[in-house]
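Asker: All chains should be built: construct the whole structure from the sequences, respecting the hints.
There are 2 protein chains.
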Amino acid sequence: MLRTHTCGELTINNLGETITLCGWVQKSRDLGGTTFIDVRDRYGLTQLVLNTETNADLREAGRQLGREFVIKVTGKVLERSNKNLKIPTGEIEIAVIELEVLNAAKIPPFLIEDETDGGEELRAKYRYLDLRRNPIRNNLVLRHKMAQEIRKYLDRLDFIEVETPVLIKSTPEGARDFVVPSRMNPGEFYALPQSPQTFKQLLMVSGFDRYFQIVKCFRDEDLRADRQPEFTQIDCEMAFITQEDILNIFEGMTRHLFSTVKGIELSEFPRMKYADAMRLYGSDKPDTRFEMKFVELNDVVKGKGFSIFDNAELIIGINAKGTASYTRKQIDELTEWLKRPQIGATGLIYCRYNTDGNLKSSVDKFYNEDELTNWAAAFEAEPGDLMLILAGETDKVRKQMNELRLEMGTRLGLRDKNNFSPLWVLDFPLLEWDEETTRYHAMHHPFTSPKPEDIPLLDTDPGNVRANAYDLVINGTEIGGGSIRIHDRALQSLMFKHLGFSQEEAQKQFGFLMDAFEYGAPPHGGIAFGFDRLCSIFAGLDSIRDVIAFPKNNSGRDVMIDSPSAIAEAQMNELKIKTTVSVS
Amino acid sequence: MLRTHTCGELTINNLGETITLCGWVQKSRDLGGTTFIDVRDRYGLTQLVLNTETNADLREAGRQLGREFVIKVTGKVLERSNKNLKIPTGEIEIAVIELEVLNAAKIPPFLIEDETDGGEELRAKYRYLDLRRNPIRNNLVLRHKMAQEIRKYLDRLDFIEVETPVLIKSTPEGARDFVVPSRMNPGEFYALPQSPQTFKQLLMVSGFDRYFQIVKCFRDEDLRADRQPEFTQIDCEMAFITQEDILNIFEGMTRHLFSTVKGIELSEFPRMKYADAMRLYGSDKPDTRFEMKFVELNDVVKGKGFSIFDNAELIIGINAKGTASYTRKQIDELTEWLKRPQIGATGLIYCRYNTDGNLKSSVDKFYNEDELTNWAAAFEAEPGDLMLILAGETDKVRKQMNELRLEMGTRLGLRDKNNFSPLWVLDFPLLEWDEETTRYHAMHHPFTSPKPEDIPLLDTDPGNVRANAYDLVINGTEIGGGSIRIHDRALQSLMFKHLGFSQEEAQKQFGFLMDAFEYGAPPHGGIAFGFDRLCSIFAGLDSIRDVIAFPKNNSGRDVMIDSPSAIAEAQMNELKIKTTVSVS
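The listed protein sequences derive, respectively, from chains Y and X.
Heads up: the first sequence is residues 1 to 584, going by the working numbering.
Heads up: the second sequence is residues 585 to 1168, going by the working numbering.
Note that these hints are calculated values from the structure, not bench results.
Mixed in with the good hints there might be a few duds.
To be verified - Here are the simulated EDC-like pairs of lysine to aspartate or glutamate, each with C-alpha atoms no more than 16 Å apart in a straight line:
| no. | chain 1 | residue 1 | chain 2 | residue 2 |
| --- | --- | --- | --- | --- |
| 1 | X | K800 | Y | E230 |
| 2 | X | K656 | X | E684 |
| 3 | X | K690 | Y | E371 |
| 4 | Y | K27 | Y | E115 |
| 5 | Y | K106 | X | D1099 |
| 6 | X | K736 | Y | E230 |
| 7 | Y | K304 | Y | E244 |
| 8 | Y | K508 | X | D1146 |
| 9 | Y | K76 | Y | E113 |
| 10 | X | K729 | Y | D155 |
| 11 | Y | K152 | X | E733 |
| 12 | X | K690 | Y | E518 |
| 13 | Y | K578 | X | E1158 |
| 14 | X | K709 | Y | E518 |
| 15 | X | K660 | X | E675 |
| 16 | X | K611 | X | E697 |
| 17 | X | K905 | X | E875 |
| 18 | Y | K72 | Y | E115 |
| 19 | X | K877 | X | E849 |
| 20 | X | K690 | Y | D515 |
| 21 | Y | K273 | Y | E313 |
| 22 | Y | K106 | X | D1072 |
| 23 | Y | K302 | Y | E313 |
| 24 | X | K729 | Y | E569 |
| 25 | X | K1092 | Y | D562 |
| 26 | Y | K125 | X | D1099 |
| 27 | X | K670 | X | D622 |
| 28 | X | K709 | Y | D515 |
| 29 | Y | K339 | Y | E403 |
| 30 | X | K1162 | Y | E244 |
| 31 | Y | K578 | X | E1153 |
| 32 | X | K1162 | Y | D284 |
| 33 | Y | K145 | X | D742 |
| 34 | Y | K27 | Y | D155 |
| 35 | X | K611 | X | E601 |
| 36 | Y | K451 | Y | D461 |
No experiment lies behind these values; they were computed from the predicted model shown.
Answerer: Spelled out as structure tokens, the structure:
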């Protein structure tokens, strides 16, 4: 090795030793003839010192070092007079004996510090420099630790990691598939997997029993909503199990991760049915770090001549505790915020429970003090609280109220990133109606099994068929989801029929899986976690971008390597493809 | 869980317990009114018994079970009268109390046994059934264990696993890149990585110091030679190290794997220079399980009037010990084998050292007994040995002799799959001449550093510039290769120049890396192992196909899912591409 130690390990125990370090110049300062240089590597920071006792050439060389120069330095470990007890190496410094510049550095385009002055775009272009900053590097170290602990946990439970193929087959359902032309099979394409779903099910048919894989998946879709075209899943599947087994094992995995990586012991995860989550939070991924559950008010407020309530399918409210002091202006701003097209509420009704005990609503014309007292009772409101109410069509008003609840949770400081609130959401609907294509789609995917008692509803009331499907939600973010799968050919065919596949289409696309079901398929089910998202939650970040070493931007571009890019005519000829647009 | 135990764990210690198993019917036989059923899962095989003490309906149900039916069975653990001590569960059997068919099975298209009757194509189509067979499943279990042990070893040494992108940039060097059209960036393409080379170097520039990744890579090339379009690499890189450090750490990793996974303790790996490997074995990946080194004979045989030798650039031989008894016919067959176009030798000269002490060559006309005695001395031959000699142009004759040596090694039983002979090959040439393009190519890749003392030769004698490059060879197979990289912009530019890049091209394609070198790049180097190949060596297989769960065939097709395949017109329109061939 070029070095004897790293920049993070020398302490008072090494006093007097002659050591060699390698690293980057973090900063350098001259103080009355003495030059102090901080040298940095992945493990920490060590202070070098060149003073009057140092050879003059060496001192001059030290003074010439710029930020981010890569150096190799040999010296003697001395006790510092001016100790910095904040860092492990803060009690010592190195009296330089030899100094070698391994590589010079231009002045970096932004500060390589925990707080940098670089804008997002600049840092993306020089990602390799941004990765030098502690916060970003720490995210990737965290990610590594998490992956190691996941593998340890699953290996201990006899799970086998099996690599499934990346070059697979495009399906008509796969509108968001990336495709890959095959040179050896001209005119034909592979697709990149959106998930290894069918392969992991085949592994169950093969008897693998407990499979997992930490694996890249791909989706060619718009990248709003903090998504990436390539993302990483913790993909898992088990045979001969019930839903209960899966919930227990993967709750265990999540708890193991929190315990080993963050030192946090989580208690048993609560469970909630999808229908309840929608009713109480207007979301299938409620943020349960705070209560503020929806209060349904139809029985309380209808029939008093207020047409907005009287005509509404659903009237719901939340109790924003302690915000009765909100001014009219603040409430108006909130109303405007709710009216933005992304949310689309038509208006906000409120009722203040003033600290003096008076109730004051925005619809006093229709409701007297007694009636408002009933409201307050429904909300379990106390003096000082503010009741916020929306009315309209059920699905829409729940969505709007979900947004308002989250906003109020944020304003009230109830969404602390260091507080983790996991929740299992169970009994998802099997199908969901799609307005655009005017047909039902699989809410999870076509391989999810319906609850046996709901199968008769497939023909009569498909929207109300419940699935053996579950999501794991933490702090309002879905981090995993799965289901017990269909393992019977006839039921799988029926499912495809209800999804609008002809028998021929179903056979052409998924024949291999349905055939497999005829050769002894065991009952099975599984789950997949979004690993990027899980890492971002562990890192306390809102975006997944900084838990990924080389992420792409919102246009799916890597601005550092400038990709995607045009390819040579000759290469397209070899692949027997043409583009129908020209790229400058 | 549906079961209380697996089919591999019940022993005499469980006698009298009531247990539940799930699994596949391996076989079933009736013996005088008693039905024995072997039920199988991933963990083993357990015998069920239904006899006169069993309820009649249950006995009938048991008799109806076909091969590969999936069953759940509850019963009592009894001691067997007829014990099978070859399997862990062979001392017990289960008296069936309850039996449930979880799924029926059609008769499988081939036998699900260690030795099957299915042909390769049939087994590929029903890969999910082939994966049920012990030998194939064991390979994947082995692969899982190896990956776990690799991660443990590297994690312990502070390596961090970082995921690098799969959607990267195509380069003109990347004639074998798979490309992926981008929907969001019409007319532009990503490429799939042939290796994460540039990204791991950027991670070194970022200060990550010790990186690894077990990662899928892609190459769109002809699949002779047991290759796959997608393959897995153990990709590693380190900063602030010398070649010696890399050799030690990854020799350590290999030794750790052999020790923990196979229980084999390997001693220190020998090292050999590329030039010596070529001279002694005619190959940069010699199989060192056996000696049979080349003997150079120019000094011994030239000048005796035998024109084939006199005109040859190089005359080399091997001593095929103990084969003096080969008949003329056997030698003729060997000669014909050598003349096949794949090898292309023009003739084989031999000299028998008969057990009676006589020397008899195929060129007795030119060489007398005394001269043949000199030959024997050069070969260190003893009575009973056969000397086999080829002559011709150096590179060609070495290649031919390499083939002959390996063939003789096989014939003499010197290539035992359970004997492992690792070897480091060092000091590879930096460049190799390509007849087709009439220019030099990088032998490893353009980022490999030349030996500093050879840099001046770049202009005068490029073919003789040695690189800081090394391969790890086991049993004649290259399982890993790497180099100390260039970390200096000027040297990297010079390298691109010698590889025929214009300055503009180099900047366009690799500008991001060369720019990175200007912002403080540390000295670094690394290695990548072919994980599929390593697994196949551990599994004692000639092909990598059966250490991969879902491999592709020689045409790059997955015949199980029928991929690649044509995609819909609409999808191509969205991607702004067209194919220039039509697919039926």
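Asker: None of the hints should be skipped; say for each whether it holds.
Answerer: Now for the hints, and whether the structure bears them out:
This hinted pair checks out: X/K800 and Y/E230 have alpha carbons roughly 14 Å apart, not beyond 16 Å. Of the pairs offered as hints, the one joining X/K656 and X/E684 holds, with about 5 Å between alpha carbons and a cut-off of 16 Å not exceeded. This hinted pair does not check out: X/K690 and Y/E371 have alpha carbons roughly 69 Å apart, beyond 16 Å. Of the supplied pair hints, the one linking Y/K27 and Y/E115 holds, its CA atoms being roughly 15 Å apart against a limit of 16 Å.
Simply put, Y/K106 and X/D1099 have alpha-carbon atoms about 10 Å apart, close enough for the 16 Å limit, and the pair holds. Of the supplied pair hints, the one linking X/K736 and Y/E230 is violated, its CA atoms being roughly 26 Å apart against a limit of 16 Å. Proposed proximity of Y/K304 and Y/E244 is contradicted: the alpha carbons are some 47 Å apart, above 16 Å. For the suggested pair Y/K508 and X/D1146, the alpha carbons sit about 9 Å apart, so the restraint of at most 16 Å is met.
For the hint linking Y/K76 to Y/E113, the alpha-carbon distance of about 27 Å lies beyond 16 Å, and the restraint is violated. The suggested pairing of X/K729 with Y/D155 holds, with an alpha-carbon distance near 9 Å, which does not exceed 16 Å. Using a Cα cut-off of 16 Å, the hinted pair Y/K152 and X/E733 holds, with the two alpha carbons roughly 11 Å apart. The straight-line distance between the Cα atoms of X/K690 and Y/E518 is roughly 6 Å, inside the 16 Å bound, and the hint therefore holds.
With a C-alpha separation of about 13 Å, the suggested pair Y/K578 and X/E1158 falls inside the 16 Å cut-off, and the hint holds. At roughly 15 Å between alpha-carbon atoms, X/K709 and Y/E518 fall within 16 Å of each other, so this suggested pair holds. Distance check on the hinted pair: X/K660 and X/E675 sit about 14 Å apart at the alpha-carbon level, within 16 Å; holds. Our distance criterion of 16 Å between C-alpha atoms is met by X/K611 and X/E697, whose separation comes to about 10 Å.
Between X/K905 and X/E875 the CA atoms are separated by roughly 10 Å; this keeps the pair inside 16 Å, and the hint holds. The straight-line distance between the Cα atoms of Y/K72 and Y/E115 is roughly 26 Å, outside the 16 Å bound, and the hint therefore fails. Proximity of X/K877 to X/E849 is assessed by CA-CA distance (about 26 Å); at most 16 Å being required, the pair is judged violated. Distance check on the hinted pair: X/K690 and Y/D515 sit about 10 Å apart at the alpha-carbon level, within 16 Å; holds.
At roughly 22 Å between alpha-carbon atoms, Y/K273 and Y/E313 are farther apart than 16 Å, so this suggested pair is violated. Taking the CA atoms of Y/K106 and X/D1072, the gap is near 13 Å; set against the 16 Å cutoff, the hint holds. Our distance criterion of 16 Å between C-alpha atoms is met by Y/K302 and Y/E313, whose separation comes to about 10 Å. Taking the CA atoms of X/K729 and Y/E569, the gap is near 45 Å; set against the 16 Å cutoff, the hint is violated.
At most 16 Å may separate the alpha-carbon atoms for a hinted pair to count; X/K1092 and Y/D562 meet this at roughly 9 Å. A distance of roughly 11 Å separates the Cα atoms of Y/K125 and X/D1099; the hinted pair therefore holds under the 16 Å criterion. For the suggested pair X/K670 and X/D622, the alpha carbons sit about 15 Å apart, so the restraint of at most 16 Å is met. Of the pairs offered as hints, the one joining X/K709 and Y/D515 holds, with about 11 Å between alpha carbons and a cut-off of 16 Å not exceeded.
Distance hint between Y/K339 and Y/E403 is fulfilled; the C-alpha atoms sit about 11 Å from each other, no more than 16 Å. Taking the CA atoms of X/K1162 and Y/E244, the gap is near 49 Å; set against the 16 Å cutoff, the hint is violated. This hinted pair checks out: Y/K578 and X/E1153 have alpha carbons roughly 14 Å apart, not beyond 16 Å. Of the pairs offered as hints, the one joining X/K1162 and Y/D284 is violated, with about 41 Å between alpha carbons and a cut-off of 16 Å exceeded.
Distance restraint check for Y/K145 and X/D742: the Cα-Cα separation of roughly 11 Å lies within the 16 Å cut-off, and the hinted pair is therefore satisfied. Simply put, Y/K27 and Y/D155 have alpha-carbon atoms about 45 Å apart, too far for the 16 Å limit, and the pair is violated. Distance check on the hinted pair: X/K611 and X/E601 sit about 24 Å apart at the alpha-carbon level, beyond 16 Å; violated. Between Y/K451 and Y/D461, the direct Cα distance comes to roughly 14 Å. Compliance with the 16 Å bound is thereby established for this hinted pair.
Violated hints, listed in ascending order, are 3, 6, 7, 9, 18, 19, 21, 24, 30, 32, 34, 35; each of the other numbered hints is respected by the structure.
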